[in-house]
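Guided by the hints, dock chain B onto chain A, whose structure is given.
Here the protein sequences line up with chains A and B, keeping their order. The numbers in the numbering used here rise by one with no breaks, and the one at position 161 of the first sequence is 161. The numbers in the numbering used here rise by one with no breaks, and the one at position 390 of the second sequence is 390.
To be clear, the hints were calculated from the coordinates, so they are not data collected in a lab. Treat the hints loosely; a few may be bogus.
Heads up, the list lumps identical chains together, so a pair's fine if it works in one copy or across two of them.
Using 27 Å as the maximum straight-line C-alpha spacing, the simulated DSSO-like pairs for lysine-lysine come out as follows [claimed, not checked]:
| id | residue 1 | residue 2 |
| --- | --- | --- |
| 1 | 234 | 355 |
| 2 | 341 | 314 |
| 3 | 314 | 340 |
| 4 | 9 | 234 |
| 5 | 234 | 341 |
| 6 | 314 | 355 |
| 7 | 355 | 341 |
| 8 | 381 | 411 |
| 9 | 146 | 108 |
| 10 | 381 | 314 |
| 11 | 9 | 314 |
| 12 | 146 | 340 |
| 13 | 411 | 111 |
Number of protein chains: 2
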Amino acid sequence: MNVTQFLEKNRARAESQLLEFLRIPSISTDPANAQDVSRCASWLADHLRSIGMPLVEVIPTDGHPIVYAECLNAGPNVPTVLFYGHYDVQPVDPIDLWTNPPFDPVVKEGKVFARGATDDKGQVFLHVKAIEALLAVEGRLPINMKLLIEGEEEIGSPNLGPFVRERTEMLACDAVLVSDTPMFAPGMPSIVYGLRGLAYLQIEVQGPNRDLHSGSYGGTVNNPLNALACIIAKLKDMDGRILIPGFYDSVLDVSPEEHDSLADLGYDDNRLLLDVGVVTLVGEEGYTTAERLWARPTLDVNGFLGGFTGEGAKTVLPARAMAKVSMRLVPYQTHEEIAKKAMDYILRIAPPGVKVSVQDLHGADPVLVPRDTSAIFAAVKALEETFGTKCRFTREGGSIPVVLLFDTVLKAPTVLMGFGLNNENAHSPDEHFDLNNFHIGMRAVARYYQLMAETSTR
Amino acid sequence: MNVTQFLEKNRARAESQLLEFLRIPSISTDPANAQDVSRCASWLADHLRSIGMPLVEVIPTDGHPIVYAECLNAGPNVPTVLFYGHYDVQPVDPIDLWTNPPFDPVVKEGKVFARGATDDKGQVFLHVKAIEALLAVEGRLPINMKLLIEGEEEIGSPNLGPFVRERTEMLACDAVLVSDTPMFAPGMPSIVYGLRGLAYLQIEVQGPNRDLHSGSYGGTVNNPLNALACIIAKLKDMDGRILIPGFYDSVLDVSPEEHDSLADLGYDDNRLLLDVGVVTLVGEEGYTTAERLWARPTLDVNGFLGGFTGEGAKTVLPARAMAKVSMRLVPYQTHEEIAKKAMDYILRIAPPGVKVSVQDLHGADPVLVPRDTSAIFAAVKALEETFGTKCRFTREGGSIPVVLLFDTVLKAPTVLMGFGLNNENAHSPDEHFDLNNFHIGMRAVARYYQLMAETSTR
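Bound-form chain A, shown alone (with noise of 0.2 Å):
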């Protein structure tokens, strides 16, 4: 029996230790489950005993633990690859929202229902059942494997970092491979090489000493919102240009390349205009839609606060005015850089009459991953074999911080090959996870460890 016949005799068995492994409700940021995160952890470290793998442990954090787990036997001239993934979800508010209950899982249609079907409780227990057939059929893993599965991913990860640092030896690897990533369209296997990064600031107008009459007192005295209406005004043109001064020096230009492959993909803006409910997109002229999405960088209010925003009208001139403003970037720009260029800017164009302080809450630097090594090769590899059709490089535009995390530590490079789809409500209610993707998902991955094999270590 080989690996895919063993995958397709236990469909039903997997199908039903997922539903086991959903049925746990491990959501990170409400204290009220952290007894369900830590039992989830023990669930799924017993699991991977199970299994057989040789090392498995439940390493306790600041927070909730981390489980790492190895099987280094293959040798030391096949590489060694570290799988990252999480076992905590997000919550379920609104919760009258669902269908069904969201840690009572159900399978309608060849999809499972749960929250964290698709993020990321189906991804990470495809590679584990992987792993099982490999173990199961061949006795041994064909390269030298690593797990790191942590239970704070939707929380911002924040004993993460410190973990991996402390850590590197352990840890080292040739690559890491993450499946916490869409593909881009049903049926169309994807590896994302390109995530774009963040700086987040908050702007403070600070007007008068107190919240005055506007009509004792307007048209003398500047209003902060009047004026942090024309700072965000300034920020950014209509035509989605960002007058930042120097924000686009560190910019990486669309390659003729990129942009031909990314115009391969047949990116669907009616698609984009039906899901978001709006008759025209928007943006920066001279790029197509997937390339302002993933490749070109962008600015955005976030929140805008400040007078009287009550049901009816109060003539009020008020002493403040806040806004959050986030900016995602591209290669090679990095957020430090462009914090500081927007801070400077904003404080330049603060009109008279009122304070302006900007605070840099938070960033994250772009990450674009080579698409020539032979951890890639392999993945190209495994996924246009097992769905039989051309693998596609697609990049997000979201971020994706422990990227960075293992490029920068580990130095090794990060393999995004993701099983979910966009439409399958992470983060939202009814949630669920193809489950023809989980078994496809399942034989790309064993493939993709047996091609690995074929590679030099670094």
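Relative to chain A, chain B alone:
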């Protein structure tokens, strides 16, 4: 004994009665105080009876009662004056910022501290005491007198309009007298002859059908907060000039005479800077601060809300944004005309990819009282004789909607002859009223009635 001597002799008694009036917590907005408001109306009516007013009524409305009194035995050849004031007061929050309890009046350094001291109980009561003196000394009033003292001014006078429209005959008069405005400065008696109007709009911007992840969609889906900031930035330029087409079409220019008259006031910009705690004033080029405040229209954002406004960083591209925007108007702008022009313009400049809607929340037309009427001449003479100094003509930046009501329904000009001061904390903690102005106000008002008797009826 003449009127002045009577008032002098009864100083202590008048003050002690004022404290009694101030002790009643007639907060009109709080249902918990409804009984107190009612008790205050009865107290005032009883007092008016006790000073010899021949007709005194407490008239119920759908809200708080109106106190009405008249004394019409001066004969057909002298004018009839309608005094308007209000016995209700603002709430007391933030209560912990008061040095003394707001309804336990204390006299310190010649000022009485209590909620309602300057706005408007103290000013109402000086009229009552002036009438008392005239009745006591002369046995009759020199003019026909009507008093209309409402209990809902601080909640927008919802029942006054219907009342005045229903009782035009009862309220018919040659002039309306109101003491609810400040003097220009201590020792400077003033008549307010202009009030700005108001057009108050709410702008709503709808973007995508739900809050989106700013990483996954930013750069292609227009952001309602950015869009609204851009709209607002296009309403007024950096010099305070409003950019709505046709906005200034009906604006009455400040005449050279009025410019000189306002300049003569010696408006103190430094005092305003210190008062509001900013380093510089703003506004339209070519106009003085007094002109910008009183004689020029302006535009202020009164509230702005959208997206994530809590602590920290959330990367949301919000579905909606909202702003409240009001414009202060000057003669001969009308609030309907300006609201329409503003709405048309806002819809025209709406950026692509969002739906913009504008709602007209509230409006009031500006007022300019003719300065060459016998009612004003008499007021000037009374103030100058009593204060021994020149009477100032000033305008106000806010609106007093009842002035328009009297103008349009009763066809009577309003004399705005107030005795409060700008820094007496109306609507704020530690509200107070200068007792010197309380007493001098009585003499001025009594003298005004005497001088009005010498004018002919219209």
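> Is it within, between, both, or neither for residue 355 and residue 341, if the alpha carbons may be no more than 27 Å apart?
Replying inline: within (19 Å within a copy, 32 Å between copies)
> Which holds for residue 146 with residue 108 at a C-alpha limit of 27 Å: within a copy, between copies, both or neither?
Replying inline: neither (34 Å within a copy, 79 Å between copies)
> Is the C-alpha distance from residue 314 to residue 355 at most 27 Å within one copy, between copies, in both cases, or in neither?
Replying inline: Classified as both: same-chain Cα gap 24 Å, cross-chain 25 Å, threshold 27 Å.
>> With identical chains, the pair residue 381 and residue 314 could be close in the same copy or across copies; at 27 Å between alpha carbons, which is it: within, between, both, or neither?
In response: neither (64 Å within a copy, 38 Å between copies)
> With identical chains treated as interchangeable, where does the CA-CA distance between residue 234 and residue 341 reach 27 Å or less: within a copy, between copies, both, or neither?
Replying inline: both (14 Å within a copy, 25 Å between copies)
>> One pair to classify: residue 411 and residue 111, alpha carbons no more than 27 Å apart. Within, between, both, or neither?
In response: neither (37 Å within a copy, 75 Å between copies)
> Between the shortest in-copy and the shortest cross-copy C-alpha distance, which are at most 27 Å for residue 314 and residue 340: within, between, both, or neither?
Replying inline: between (37 Å within a copy, 20 Å between copies)
> Is it within, between, both or neither when you check residue 381 against residue 411 at 27 Å Cα-Cα?
Replying inline: within (24 Å within a copy, 90 Å between copies)
> When no copy is named, should residue 9 and residue 234 be tagged within, between, both, or neither for a Cα gap of at most 27 Å?
Replying inline: Neither: 62 Å inside a chain and 67 Å across chains, both beyond 27 Å.
> Between residue 146 and residue 340, at a C-alpha cutoff of 27 Å, which is it: within one copy, between copies, both, or neither?
Replying inline: neither (39 Å within a copy, 67 Å between copies)
> Under a CA distance limit of 27 Å, which applies to residue 9 and residue 314: within one copy, between copies, both, or neither?
Replying inline: Neither. Shortest intra-copy (69 Å) and inter-copy (45 Å) distances fail the 27 Å Cα cut-off.
> For the identical chains here, do residue 341 and residue 314 meet the 27 Å Cα criterion within one copy, between copies, both, or neither?
Replying inline: Between copies only: 21 Å across chains, 37 Å inside a chain, cut-off 27 Å.
Figure legend: structure checked against the earlier numbered hints; hints not met, in rising order: 4, 9, 10, 11, 12, 13.
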